[in-house]
Structures are given as C-alpha cells and as structure tokens.
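Those protein sequences? They're chains A and B, same order as listed.
Sequential numbering from 6 applies to the first sequence in the working numbering.
Sequential numbering from 6 applies to the second sequence in the working numbering.
Hints in this document: simulated from the structure, not taken from any laboratory.
Any given hint might turn out to be false.
Which copy is meant is left open, so a pair is good if it fits within one copy or across any two.
In silico DSSO-like pairs for lysine-lysine, Cα to Cα no more than 30 angstroms straight-line [said to hold, decoys possible]:
| hint | residue 1 | residue 2 |
| --- | --- | --- |
| 1 | LYS188 | LYS44 |
| 2 | LYS61 | LYS102 |
| 3 | LYS164 | LYS94 |
| 4 | LYS164 | LYS50 |
| 5 | LYS179 | LYS303 |
| 6 | LYS94 | LYS61 |
| 7 | LYS179 | LYS164 |
| 8 | LYS164 | LYS282 |
| 9 | LYS179 | LYS193 |
Remember, it's a predicted structure, so these values are computed and weren't measured experimentally.
Number of protein chains: 2
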Amino acid sequence: MAFDRLIENIVNTQNPSVVGLDPRLEYVPRFIVERRIEKHGRTLKAAAKAILDFNKAIIDEIHDICPAIKPQAAYYEMYGFEGVKTLYKTIQYAQEKGMFVITDGKRNDIGATMEAYAAAHLGFSEVGGEQLEAFGSDALTVNGYLGTDGISPLLSLCKAYDKGIFVLVKTSNKSSGELQDQKLESGKTVYAAMGDMCEKWGAEVMGRYGYSGVGAVVGATYPEQLEEMRKALPTTFFLVPGYGAQGGGAEGVSKGFDENGLGAIVNSSRGVMCAYKKEGCDEHDFAQAARREVIRMKEDIISFLPKIVLPE
Amino acid sequence: MAFDRLIENIVNTQNPSVVGLDPRLEYVPRFIVERRIEKHGRTLKAAAKAILDFNKAIIDEIHDICPAIKPQAAYYEMYGFEGVKTLYKTIQYAQEKGMFVITDGKRNDIGATMEAYAAAHLGFSEVGGEQLEAFGSDALTVNGYLGTDGISPLLSLCKAYDKGIFVLVKTSNKSSGELQDQKLESGKTVYAAMGDMCEKWGAEVMGRYGYSGVGAVVGATYPEQLEEMRKALPTTFFLVPGYGAQGGGAEGVSKGFDENGLGAIVNSSRGVMCAYKKEGCDEHDFAQAARREVIRMKEDIISFLPKIVLPE
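I would like the entire structure built from these sequences, with the hints used as guidance.
Shown next, in the form of structure tokens:
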C-alpha cells in the first residue's frame with residue numbers, strides 16, 4: 006500500500022536515494038551511441054536504443070544497492086515514440102530487478118483526462134475487454150495546480166494497485182518562488198497550501214509505516230522549506246530533487262527526514278549518470294562509476310541521519 | 006511568429022474553435038475498433054491504430070472548416086508507446102492538411118528538463134549531428150507552477166521556430182478554485198498572478214496581430230474570469246476549454262474575445278468526437294457527424310461575436 010514497498014526497499018538497502026535516469030544523449034558514452042548509429046542511422050530510434058543500453062547497464066550495476074529509479078519522461082519524449090518505448094522498457098527492466106520506479110512526468114489535468122494519465126502510468130487500459138498495462142510504473146509525479154479533481158482519479162488507482170504519487174510542492178529551481186513562495190491572504194505560502202492538500206488527499210491512502218500514497222516534491226535546494234514541510238506534513242513522504250549538480254547538500258536534505266531516517270528519498274540524476282565523466286575514467290567503465298557514485302551519495306546522506314529502521 | 010498562423014487560420018475559416026482529439030477508445034465506432042482487434046489482437050497496438058483511423062477520418066472531414074486540432078496527450082499515453090506513435094502521426098497528418106496543432110500536454114519542469122520537453126514537442130533533438138523532429142507540434146499547453154525558468158526554454162523555441170505555448174491560468178474544472186482562486190497578499194488571485202506572468206513572458210515573443218506566443222488557458226465554465234482576464238491580458242491569446250460537454254456556453258465564451266472577434270479559440274472534444282452518438286446516426290457516419298457539429302458549434306460561437314477580421 007502507498008509507498009510501503011519503496012520504504013521497505015530503502016530499509017533493505019539502507020539507502021534513501023533514488024537515481025534519476027534523465028539520459029540526455031550527451032550523457033551516454035560515445036561507444037554506445039556510435040554503435041547504435043551504425044546500426045540504425047542518425048535516427049530517433051538509434052538515440053532511443055542507445056539510451057536503453059545505457060539505462061540497463063546502470064540498473065544492472067545499482068539495483069542491489071539502490072531502492073529506486075526515477076526516469077524523467079521529458080528525456081524520453083524528446084526522442085519521439087521510440088524514446089517513449091525506451092521509457093517503457095526501462096521501467097519494466099528496473100522492476101524485474103526489484104527496483105521501485107517513479108516516473109517523473111509532472112502530469113496534470115482535469116478529472117476525466119487525469120484518469121487517462123492515471124491509467125497510462127499507474128494503471129491499466131482496456132482494449133476489447135483485456136486490461137493492459139501501458140507503462141506500469143510504481144509512482145508518478147504530478148502537478149496539483151488544478152486542485153482535487155485533478156488528483157482524485159489517481160487516489161483510487163493508488164488504492165487499487167498499490168501505487169503512489171508525488172505532488173509538486175516546493176520545486177528545486179531558482180524561480181520556484183515566483184508563484185510557490187507567494188503568501189496567500191491566510192498568511193500561508195502557496196507551497197504550504199499545496200502541502201496541506203497533500204496531507205488531505207493522502208488521508209485516503211494511508212500505508213503501514215505512517216506515510217500515505219500521496220507524497221510531495223520538495224527541493225534539496227531549499228532546506229528551510231524542507232524542515233518546515235517535514236513538521237507540517239507528518240504523513241507525506243518527500244521526493245527531494247536538487248542534490249548534487251543543482252547545489253543541494255546532504256546536511257540540508259537531512260531536514261526532510263524523520264526520526265527513523267525515513268520520510269524522504271533524495272534524487273541524483275546527472276551526478277550518477279555522468280560519474281564516469283567526473284571521475285575521468287574510461288567511458289566503458291560508466292556503469293561501475295555510477296555504482297561508486299551511488300555508494301558515495303548514500304554514505305554522504307546517511308551520515309546526517311539516524312539509522313534507517315521501520316517504525317515500530 | 007507566435008500565434009499568427011493560428012490567427013490566420015481562424016480568419017480564413019471564420020471559425021474560432023478547435024477540435025480536441027481526446028479519443029477514449031469507447032468514442033471510436035465499434036466497426037473501427039473491431040477491425041483493428043481482428044488484425045492486431047486485443048493489444049495496445051490495436052487501440053492505437055483504431056484511434057489513428059478515427060482521427061484521420063475526422064481530420065479529413067473538418068480540415069477545411071476548422072483551424073486547429075488539440076490532441077490531448079493523456080489519451081495517447083494510455084495506450085503506451087503505440088498510442089504515442091498515434092499522437093505523432095495525428096499531428097503530422099493534421100499539419101499536412103494545413104491545420105494548426107496544439108498538443109495538450111500541460112508539461113512542466115525545471116529549466117534543463119523543460120528544454121527537453123520543448124525539444125520533444127515544439128523543436129528538434131540532435132542525434133549524431135542531425136536535427137530531428139520528435140513530435141513537431143505547433144503549440145503546447147504548459148503549467149507555470151514552477152515559474153520563469155520552467156517557461157523560458159520554451160520562449161526561445163517559440164521565437165526560433167514560430168511556435169506557441171498556452172499556460173494554465175484558470176482551468177475549466179470544478180475544483181480549479183482550490184488553489185487558483187486563492188487570494189495573495191497583494192489582493193490578486195493566484196490565477197491573475199499567473200496571467201500577469203503570461204503577459205510578461207509573452208513580451209519576448211510578440212506576433213504581428215497584437216498577440217504574443219504565450220497564450221493562456223481560461224475555462225469556458227468561468228465567463229467572469231474570462232472577461233476579467235481578457236481585460237487584464239491584452240496581448241495574451243486564450244485557449245478556452247469546457248465548451249459544450251463541460252457546461253460552458255457560447256455567450257459565456259464570447260467574453261474571451263476582442264473587438265475583432267479574435268483573442269481566443271474555443272475547444273470542443275467530446276461534442277465533436279461523439280457527435281454521431283448524440284445524433285443517433287449510423288456509426289459509419291461518425292466523421293460527417295463531426296463535421297456537422299463543427300459547423301453548429303462555429304455558428305453558435307460566432308453568433309455572439311463581431312465579424313472576425315485581422316486587426317488593421
């Protein structure tokens with residue numbers, strides 16, 4: 006239920022971090038890209054296949070030490086339907102290896118259309134009486150600007166199929182404050198009001214470990230807001246982007262965790278995917294470099310946390 | 006530049022409406038679905054192919070009297086990458102027939118990732134030095150919750166490739182007010198603050214006819230807000246969903262238009278796609294029924310407008 010499987014994966018690996026698979030083609034080692042271009046020409050298909058090769062190799066290396074991946078839909082869509090096929094195959098591959106998959110799509114729409122997104126990413130679509138999985142992810146990031154009827158179609162799916170959503174509350178980017186930090190007449194900020202809605206929505210889909218199936222995205226680049234939200238939203242699990250390349254540090258992100266070392270999962274994308282570039286190692290060693298970075302990041306983050314345990 | 010091509014299409018057809026191609030499989034006549042299931046089994050591919058057949062037939066019937074289509078990404082994603090392939094083919098087909106295509110994806114993310122969405126839907130992706138179009142739409146709906154750096158990557162593309170975006174301002178759904186109608190300390194509502202940002206962003210991408218490449222989504226179900234926003238946002242073109250099935254009427258949507266009968270385009274999805282069901286005609290006649298509904302809708306809307314002319 007809710008994020009229980011994610012939480013169990015975190016406890017089993019003692020690692021509250023998630024690897025963002027946001028594979029810009031320039032992150033993929035040249036030997037992989039060239040091999041695929043040789044076979045498929047300079048096509049979207051070649052790019053999509055190269056990215057799948059890259060993702061699989063990284064998943065092979067990290068699945069035993071990392072609880073989850075977070076593929077970012079934009080980087081697959083930019084290679085057209087071939088890219089989107091790679092998104093699907095990446096999700097399936099990671100799940101086969103026991104990983105929890107969060108599709109970062111920030112989807113949002115009104116009720117009936119949100120049902121379609123829910124079916125697409127977390128549920129099933131019916132064709133001639135058959136129930137078919139389109140993407141079959143475990144969780145989806147969503148944008149709550151449209152209010153409750155843009156969220157409720159997801160809640161019933163979260164309940165029925167043991168899935169979760171993360172709602173954007175306070176994003177990691179510089180201009181996130183333009184709207185999100187504005188104060189409402191009530192004195193609350195827009196992001197705090199969105200956080201309150203997460204708690205309310207989540208009450209319908211509570212899990213075993215004190216967290217609901219409605220999580221919140223709160224950026225690592227805003228530790229004060231992370232601390233504020235951790236206190237204000239006791240049943241909301243946090244997805245924390247912005248660690249590493251975007252400037253968020255481990256001490257800052259520790260503000261998003263609870264006394265059991267739970268309550269948040271920290272994302273790193275570029276840091277892991279491009280570890281081989283940073284290390285300056287042979288590019289054929291990219292997946293092992295990714296593993297080394299996952300371990301480094303985990304050690305960095307847990308050094309500021311209590312031991313990670315399931316709540317009693 | 007900006008929405009100039011859309012505006013010219015509207016003037017040429019004397020029709021300020023757009024057909025939303027949001028093809029739930031149950032909207033597609035049974036004979037089409039059955040034919041595809043016979044060929045491809047009960048698969049996502051069969052659904053995707055049936056939807057493409059359906060879309061093409063409707064486009065064939067309406068392209069000469071309707072300026073634009075608005076495919077809703079969710080209904081394609083729910084059939085997986087095969088569905089997304091149908092989205093691509095629908096976009097290409099409508100453009101070949103001279104229609105302006107608005108992909109309704111409500112995409113949003115931080116800067117670097119928004120660049121990927123921009124490349125995906127409005128621009129080009131590079132593979133081995135080749136610039137390739139992934140979806141190649143003319144405009145994209147986006148969600149501005151993340152602020153300027155989630156929007157600016159789109160502005161440079163709008164300029165470079167003559168494209169546009171529509172930012173969610175006041176959505177047509179019932180619970181849109183939960184966040185959007187809240188008042189900020191300044192006394193403005195959240196939606197009005199978002200509208201102001203549209204004007205600001207749009208200043209960078211002004212078109213020939215007084216409207217910028219940054220439009221706003223304002224629901225037909227809120228005529229008062231349409232009127233308020235039309236006055237407050239003189240250079241922002243409106244995409245108006247919620248006419249018909251959702252309850253918005255022609256008199257109400259007229260509030261979104263200017264003195265030249267321009268400034269807005271009204272969407273109908275179900276009303277057109279399911280016209281054959283409402284009429285009770287033979288389902289083989291679905292595309293002609295769609296055409297009849299496009300004409301009826303156009304007449305309904307323009308009856309409340311001045312003659313549609315390009316500004317002098």
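Against the structure, the hints come out as follows:
Taking the shortest Cα distances, LYS188 and LYS44 never come within 30 angstroms of each other, neither inside one copy (55 angstroms) nor across copies (57 angstroms). Taking CA atoms no more than 30 angstroms apart as the test, LYS61 paired with LYS102 passes inside one copy only; the shortest distance there is 10 angstroms, against 41 angstroms between copies. Taking the closest pair of Cα atoms, LYS164 and LYS94 come within 30 angstroms of each other only inside a single copy of the chain (25 angstroms); across copies the shortest separation is 35 angstroms, beyond that limit. For the homomeric pair LYS164 and LYS50, the shortest alpha-carbon distance between copies (28 angstroms) is at most 30 angstroms, but the shortest distance inside one copy (36 angstroms) is not.
When the C-alpha separation of LYS179 and LYS303 is checked against a cutoff of 30 angstroms, the pair qualifies only within one copy, where the shortest distance is 25 angstroms, while the shortest distance between copies is 43 angstroms. Taking the shortest Cα distances, LYS94 and LYS61 sit within 30 angstroms of each other both inside one copy (9 angstroms) and across copies (29 angstroms). Taking the shortest alpha-carbon separations for LYS179 and LYS164, only the inter-copy value of 23 angstroms comes in at or below 30 angstroms, while the best intra-copy value is 35 angstroms. Neither within a single protomer nor between protomers do LYS164 and LYS282 lie at most 30 angstroms apart by alpha-carbon distance, with minima of 42 angstroms and 34 angstroms respectively.
For the identical chains of this complex, LYS179 and LYS193 are neighbours both inside a copy (20 angstroms) and across copies (23 angstroms), given an alpha-carbon limit of 30 angstroms.
Violated hints for the displayed structure, listed by number in ascending order: 1, 8.
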